[in-house]
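Undergrad: Chain by chain, the residues:
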Amino acid sequence: MSGGNWPGRERRANFRADGEVMLKSPSQYDEKLDRTSILERLDGSQELLAELIQLFLEEAPQLIQAMRAALQQGDLQALGRNAHSMKGAASNFLAYGTSSAALRLEQDAKNGDLDSAKASLAALEQVVERLLPGLANLCQGSVK
Amino acid sequence: MKILIADDELVSRRMLQALLTMWGHEVISVQDGNAAYEVLKQVDAPRVALLDWVMPGKDGVDVCRAIRRERPEPYTFMLLLTAKDAKENLIEGLESGADDYLIKPWDPNELKARLRTGQRIL
Chain D
1 MSGGNWPGRE RRANFRADGE VMLKSPSQYD EKLDRTSILE RLDGSQELLA
51 ELIQLFLEEA PQLIQAMRAA LQQGDLQALG RNAHSMKGAA SNFLAYGTSS
101 AALRLEQDAK NGDLDSAKAS LAALEQVVER LLPGLANLCQ GSVK
Chain B
1 MKILIADDEL VSRRMLQALL TMWGHEVISV QDGNAAYEVL KQVDAPRVAL
51 LDWVMPGKDG VDVCRAIRRE RPEPYTFMLL LTAKDAKENL IEGLESGADD
101 YLIKPWDPNE LKARLRTGQR IL
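Note that the protein sequences, when read in sequence, are chains D and B. Residue numbering for the first sequence follows the numbering used here, starting at 1 and increasing by one per position. Residue numbering for the second sequence follows the numbering used here, starting at 1 and increasing by one per position.
Bear in mind the hints are in silico, worked out from the structure with no lab data behind them. Treat the hints with care, since some could be wrong.
Within a straight-line C-alpha distance of at most 16 Å, the following computed EDC-like cross-link-like pairs (lysine to aspartate or glutamate) qualify [claimed, not checked]:
| hint | chain 1 | residue 1 | chain 2 | residue 2 |
| --- | --- | --- | --- | --- |
| 1 | B | K41 | B | E73 |
| 2 | B | K112 | D | D43 |
| 3 | B | K58 | B | E38 |
| 4 | B | K112 | B | D99 |
| 5 | B | K112 | B | E95 |
| 6 | B | K112 | D | E129 |
Note that the structure is predicted; figures quoted are calculated from it, not measured.
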């Protein structure tokens, strides 16, 4: 795989509930957070939601930092591992845009495609930048 | 019920721990597969384990293989939690000795049902 066709619409993916991968267009990296569905997964505990969001707000920048460092050092294993963590962390909030972007980066790392990984990390950083304030709002109950 | 959870990612681990505690279980929480293996091979180990697939050190599949080989009795009910994207990998997981798997983001009701299955088996 080469990074030349970035942003290649056909290479975007997102999870369906059953774990199958489905194709996404770049604009679909945007998040639509669904507070009701997220809370349903937490037995309705707003307290737990607030705690998990707080943890993610602390963890996400650390993961991004680790991914930047890994990319700089050409450490594809560390890059993939951190992208995998970001994918899992975001999926707890049903933040599929972030999960998809992280999956893309994880795949680039696995494929040894540094050029594509650079673009994928940039895309992931953008979507995480939008996700964090969205989650912070969710914490205050102001986002549906 | 005493349950071991192993996940190297903070939010996922905390969510699992909090929910299981809310449901009345006693939770032992570790951050990697090596620690999970050390806990599960102890004499008074939890009989139920929820193992993230991808972890540093031993991954979830390695833990399943090692426990089935080295500590077949008393039986440990092991579930793999996975964000794996290709279904064929799941066969590998089940062949390692895992009883079942859940795909992240897992549904809490599905997790409850799997735990009931575990209780029936044990």
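Undergrad: Flag every earlier hint the structure violates by its number, smallest first.
TA: Violated hints: 5 and 6; rest satisfied.
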